[in-house]
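Hey, can you work out the whole structure from these sequences and the hints?
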Amino acid sequence: MEKVATTIIIIGSFLWLFIVIALDGRWQWQMFSALVLTIGIFCAHFWEELRDTDSTKESGDE
Amino acid sequence: MARERVTQADEWQAWAQRYDIEGGIRTFESGLTVKVFIGALFVGLLMMPGSIYLSYVSGESGAGAAPWVAVILFTELARRSFTTARRQELYMLLGLTGAAVGSGMQYRSFIWYAYFINTPQAASYEIADKIPAWIVPAGDSVGVLTRSLLHPDWFLPIAIYLAGKLLGTLRSVSAQYILFRLTADLERLPYPMAPITAQGATALAETTGKEETWRWRVFSIGSMAGLIWGFLYIGVPSLTGVMMSQPIQILKIPWIDFTQSIEGFAPTGVFAFRTDFGQMLFGFVLPFPIVMTEFITAMASQFILNPQILYRYEILHQWKPGLDVRGVGLFNGLDFWMSYGMGKAFSLALVGMAASIPMLFKLQRSKKTAGERGSFATPPNRGDFPIWLMGLLWFVGMGGFVWLIHWMVPNFPLSFLLGFAFLYTPLNSYITARTFGVLGRDLFDIPYLHEITFILSRYEEIDIWFAPLPDEDYGRGTQSWRVLELTGTTFTSNLAGTLLIMPILIVSGIVVMHFIWKIAPIPSAQYPFAQMMWPINATNECLWKTSLRDGNSQMLQAIRGDYVSAGFTSSLAIYGMLWVFKLPSMWFYGIIGGIGADPGSMIARLLGAVIGRFYMIKRFGMKRWYMFNPVLAAGFACGVGLIGMGTVAIALVSKAVIVKPF
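Protein chains in written order, with my numbering: chain P, 1 to 62; chain A, 1 to 662.
By construction, these hints were calculated from the structure, which means they are not laboratory data.
Backbone N, C-alpha and C fix where the C-beta goes; we use that ideal spot for every residue, glycine too.
There could be a bad hint or two in this list.
Stretch-level coverage of chain P by chain A, calculated; a stretch enters the list once three of its residues show a Cβ under 8 Å from a Cβ in chain A [claimed, not checked]:
id : region
1  : 6-15
2  : 29-40
3  : 45-51
Written out as structure tokens, the structure is:
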């Protein structure tokens, strides 16, 4: 999940740069890259938090 | 070596723990005694005039000093009387004195609108005659022209304000209490920042023992520094202002403007060096990564981004040589940064949601696995209230508030007001209470909510911009109930103190504000900060208040979708890339704060952060330095506050003598 989030965020960031440089920064396209970034950031946080819960549970079991 | 990934919650809680010196206690006593009440009133009312005066002279009210002055006096008196001051008393004293000293500032908006209604900006934007009478009397009324808040012209605005305050107290006390019971008692959230506030009172309670501790010494060092700085920065201009038509300023207030000096190599860049070195103390306490990244980003914005990219590509197109920081700031804002800032604000909301929603899932999950749940049972003697009574009070307070707003703006759709009051406010408050319970800070905030509402409602009258809306957030206030619990102060004593002091402060605040307004017009040369900032604030206010008029205002033209999207998406990209490279999330808040900002305003804060980080922590050790910090800051604020109090006293006396023509 961490790798998925990382990949989505990198794609979103480069997509935004490309839109600003090559597509005159049209807001519709920028918002599309924002959507990609949002998905990446949500994935990142869900992975972070739920990973912690799992590790706590494991350590608690021990 | 790979960097370890730290969650945002862990990062902020690690910072909070630096201040957390001891755990809470669970025995409860009343903090309200006659001596606490009189002490708070005495110090609060003594420092209130100075605090109001300072805010107009330097932009900083120094109100933070008063509670600490009261506590220091109280503990010293206790020591000399061979008695002890309890932490409950000291915490109550902090709260009541803070309320007393801040009571004059609640009427600040009256002075502002009395100025605003007669500005050329309000006239040229055609809103001067449309400002409602429940905000300020007419521009040519006697109450405004003679600068008298006690004139009958002001009765309606003051009555509306008081009704709002009464209903507001009902709502906030009841809603905060209910949310506290939900999040702290039932859900057992930790409230990591609450011990920081609690430790100020508990630490000083120790000083009533026989031995003198380090705290008194640190407080004295801070006070002397504050006195010297306050005299140079506030005292000299204020005292010379009493005697001369143009005050002498040793250091120019509020800044020394280098914007025209840099325009040769950085056109459209701004650099105004803020001369208030009191900001250094903020640098001592703020997280170092935030201060540093904020400054670096601001420098890059003003020396690279603005002149080399935005100006070169004619995005910043209204700039012309010779403008000062206010002019460049206004044009840059209209051309680009205002739109970008809106996008930035939306990204903060989204990032907050992304951090808090998974956190809520985690809490639910951990509760299920552990099979635990808190209960609504209250600890003995905490002074709790029946939940049903608090719920009833909230409904009465909110119902009355909605009715009041409907009376003020009868043509604004009632459905929006009801939606805000009974759907948005409870949901928003609950989310904030939970993020405070876990992280100690607010993450969820929808930016430009009022503006969005006005657009959706298709309401074009100006009056709605002056009315309050029932979109409230009580979540932040839940932390103070947790602090009461940690200091062992009964809830009933806190509520009784608040209700007892309120009527006294309502009356004294308005009388003091009246006399300060009588000294000289605000803004004028006597009040340099107000003189510098209020005209530009008036322009900004006009731009906002007319933004939805005719659908073609200057403000609407300034807001461009592609720039808003750029602010939103670039901020998300910055946040995402910091996460990818496992860099602290604090950098994000620094970068977002610094982008487009004036680096000159951050120098004193940066200096404080660098001295704290590279000298003080090494010299005293981290634990001791963070113990010193709040006491040092309190001492400094106390010194500056005393100078402000002294100068306002002299100004009032001299005015009373000079007004006689014979």
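Given as covered by chain A, does the region 29-40 of chain P meet the bar of three residues or more with CB within less than 8 Å?
holds (count 7)
Please verify the coverage claim for the region 6-15 of chain P: does it have three or more residues whose C-beta sits within 8 Å of some C-beta in chain A?
holds (count 5)
Would you say the region 45-51 of chain P counts as covered by chain A, given the rule of at least 3 residues with C-beta under 8 Å?
holds (count 5)
The structure shown violates none of the earlier numbered hints.
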